[in-house]
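Using the sequences and the hints given, assemble the complete structure.
These protein sequence lines map, in sequence, to chains U and R.
Counting in the numbering used here, the final residue of the first sequence is number 326, and the numbers go up one at a time with none missing.
Counting in the numbering used here, the final residue of the second sequence is number 566, and the numbers go up one at a time with none missing.
To be clear, the hints were calculated from the coordinates, so they are not data collected in a lab.
Quick caveat: nothing in here was measured; it's all calculated off a predicted structure.
We put the CB at the ideal spot given by N, CA and C, even for glycine.
Mixed in with the good hints, there may be bad ones.
Only pairs whose alpha carbons sit at most 25 Å apart, straight line, appear in this in silico PhoX-like list of lysine-lysine [as the list claims (entries may be wrong)]:
hint	chain 1	residue 1	chain 2	residue 2
1	U	Lys91	R	Lys472
2	R	Lys471	U	Lys83
3	R	Lys458	U	Lys91
4	R	Lys232	U	Lys21
5	R	Lys226	U	Lys83
6	U	Lys105	R	Lys472
7	U	Lys105	R	Lys342
8	U	Lys83	R	Lys458
9	U	Lys1	R	Lys229
10	U	Lys105	R	Lys471
11	R	Lys229	U	Lys21
12	U	Lys105	R	Lys458
13	U	Lys1	R	Lys472
14	U	Lys1	R	Lys232
15	U	Lys21	R	Lys233
16	R	Lys474	U	Lys91
17	U	Lys124	R	Lys233
18	R	Lys458	U	Lys1
19	R	Lys471	U	Lys91
20	U	Lys256	U	Lys317
Just so you have them, the derived chain R footprint on chain U, three or more residues with Cβ under 8 Å [said to hold, decoys possible]:
hint	segment
21	87 to 98
22	293 to 302
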Amino acid sequence: MSKIEINNVYKIFGPKPHDVLEMVKSGSGKEEVLEKTGHTVGLDNVSLKIEEGETFVCMGLSGSGKSTLIRHLNRLIDPTDGEILVEGTNVMSLDTEKLIDFRRHKMSMVFQRFGLFPHKTVLQNVGYGLEMQGIEPEKRNSISMEKIEAVGLSGFENQFPSQLSGGMQQRVGLARALATDTDIMLMDEAFSALDPLIRSDMQKQLLDLQAQLKKTIVFITHDLDESLRLGDHIGILNAGKLVQVGTPVDIIMNPADDYVEAFVKDVNRAKVIKAKIIMKPVNEANGIDKSNLIKVQEDQFIEEFLPQVVCTNSNCEVVDKQGNTKGYITNKELQHSLTKS
Amino acid sequence: MLKILKENKKQVFNLLLLFLFFYLLVMSYGASKYKPESVSELLNFTVWLNDWPKWLDLPLMNWINDWFKEFNEKYGIIFEVINNFLLGMVLGLKKILVKTPWPIVIILVTLLAYFSSGKKVGTTVFVFFCTFFIGFLHPRFWDKAIETTAIMLIGIFLCLIIGIPLGILISRSERFRNVLLPVLDTMQTIPSFCYLIPGIMLFGLGAVPAIIATFIYAVPPLVRLTDLGIRLVDKEVIEAADAFGASKKQKLLGVQLPLALPNIMQGINQCTMMALAMVVIASMIGTRGLGDEVLLGLQQLNVGRAAEAGIAIVLLAIVLDRITQAYGETLQERRAPAKKVKK
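Here is the structure:
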């Protein structure tokens, strides 16, 4: 069973969404619907599965419906039609009380512009989720302090958010989401408002934390590099439609349509593609010059061994962790994988 | 049939309004004393096109008078109760303040200013002198100022306990807001004498109709600013509260109200100022206080007397304004301190 399952979800914004639903279902596009009825299509027949412990990145340009999608998971927005299952429970079937309980214990969220409470200190902000869970102040504070330390903000716990820089504020947001110790974390463009250096720093911090915690993370971004770096799977949204779901390599090597292709056109492939993806398996590797070989781990990115190949003008032997030869890479494979088609 | 009604709500509503209009036309024509003698006169356009015809007159005045008379007879007892209750509060408050020796009152007001402004010396000294000058202008003013303050405080108290909940309500319900906003507009624009007269008839002369008038005049800004304050709270902050599973009550008390507080304090401040403006008008229906000094000056064409009383009212306004404003500012500072560079 998938951790999160979304089946045929539609979301239409406007005064009478249900009247327009048929039109959208019958295949009318976003612009056509807007022109004819004045309704905005937020999501158009979106179905996807997110497995436990993975980071699922949902990517698209502004207005593609990615923020709408993530808000469906904890029902900050209700779908017009469709089904959302979290751990097998239909979220739509929850009444107010159960929904509140669900939000308290199942999911936490990080926001683009941080969404911190300006009238609470860092400590109180981080402890907010715990406060909602009804945990005693003493225990709440000790957990909060732990998380503040984990994101590297010790010493700032009694400051107010307005006294912190953007990067620090988002760390508070992250700590707040971690504090409730929910299985699922929703991150809505969490790092988009930060400058590039701090963003990269935060990405690393998230990867490190995720390596320990193994949470199910749904991450929204419009930045392809970010999605390639963080995502186990990536879903690409365009005008409310999910155009492609796949691993980072899938997306880059086999873009589903022009839109995705335009998206991945400028990406640095050497940074994303691993040796094992492009290698020729041993049994197909006949007639390769094996006199001058470089040993390459199968999980290494092309970027890491490319300079060596260029300098020594040699072929690569790809090995797994035990040192068994899995395949070979020649200039031909490198050229093929790095050329923008 | 019902379905057609539901689908064309707007048209049906407009049609009903049209019917109402014709009903009123027929009714007023029927009730008019100046009906034309014959139909031929009706058809003689030159007669009634020049001046507004006398028979085209909505007898709203009679309707209201009849209705009010009946209302007064039936429900007068309720207003008597309200009257006694409010009067008791005003008299009690006044008694305490008047019986306290004036230096002590000045000291108390100064202390209040000191603590509400977050121990700012400048504000405190300013408030002290303003308070002192109220009595210093004319010894009689002191007791009158206290009377005015007592009426105002009760009025503002009413505004608070009714205005803030109303503000919260309209911030939550679009429909309720659409209903209430025109009512608030009416309350603010209708000349105060229009409700002072029924006020006198229901409550008698004196302090209570003044309190009611103060309330009607001063509550709209408080309702509006409470509503505005709550709706201006950052949407993402509200989403954050929702996402972490705050219940409606937790969200209101823990997030929305605290963040709307600067605006609400502004509303209370506006409320106070408008209440004070009402004091002079209320003196015309026999409410004692600083306002009747102005009125006396007016009646005697005594410029100096009116000016003295006018200044005393302004001083009172300054004192109240400083105390409520300063309290709002202190709150804001405590909750969201100005950004400091910290390494």
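Here is how each hint holds up against the structure:
1. U:Lys91 x R:Lys472: Holds, at roughly 21 Å.
2. R:Lys471 x U:Lys83: Roughly 14 Å between the alpha carbons, so the hint for Lys471 of chain R and Lys83 of chain U holds.
3. R:Lys458 x U:Lys91: This hinted pair holds, its Cα atoms lying about 22 Å apart.
4. R:Lys232 x U:Lys21: holds (22 Å)
5. R:Lys226 x U:Lys83: Violated, at roughly 35 Å.
6. U:Lys105 x R:Lys472: Satisfied, since the Cα-Cα distance of roughly 18 Å is no more than 25 Å.
7. U:Lys105 x R:Lys342: holds (23 Å)
8. U:Lys83 x R:Lys458: Holds - the C-alpha atoms of Lys458 of chain R and Lys83 of chain U are around 23 Å apart, at most 25 Å.
9. U:Lys1 x R:Lys229: holds (14 Å)
10. U:Lys105 x R:Lys471: holds (19 Å)
11. R:Lys229 x U:Lys21: Roughly 23 Å separates the two Cα atoms, so the pair holds.
12. U:Lys105 x R:Lys458: With a Cα-Cα distance of about 17 Å, the restraint between Lys105 of chain U and Lys458 of chain R holds, given a limit of 25 Å.
13. U:Lys1 x R:Lys472: violated (30 Å)
14. U:Lys1 x R:Lys232: holds (15 Å)
15. U:Lys21 x R:Lys233: Holds, at roughly 21 Å.
16. R:Lys474 x U:Lys91: holds (19 Å)
17. U:Lys124 x R:Lys233: With Cα atoms ~57 Å apart, Lys124 of chain U and Lys233 of chain R exceed 25 Å; violated.
18. R:Lys458 x U:Lys1: holds (23 Å)
19. R:Lys471 x U:Lys91: Status holds; Cα separation ~19 Å.
20. U:Lys256 x U:Lys317: holds (18 Å)
21. 87 to 98: holds (count 10)
22. 293 to 302: Coverage by chain R is violated for the segment 293 to 302 of chain U (0 residues, Cβ < 8 Å).
Checked against the numbered hints given earlier, this structure breaks hints 5, 13, 17 and 22; the rest are met.
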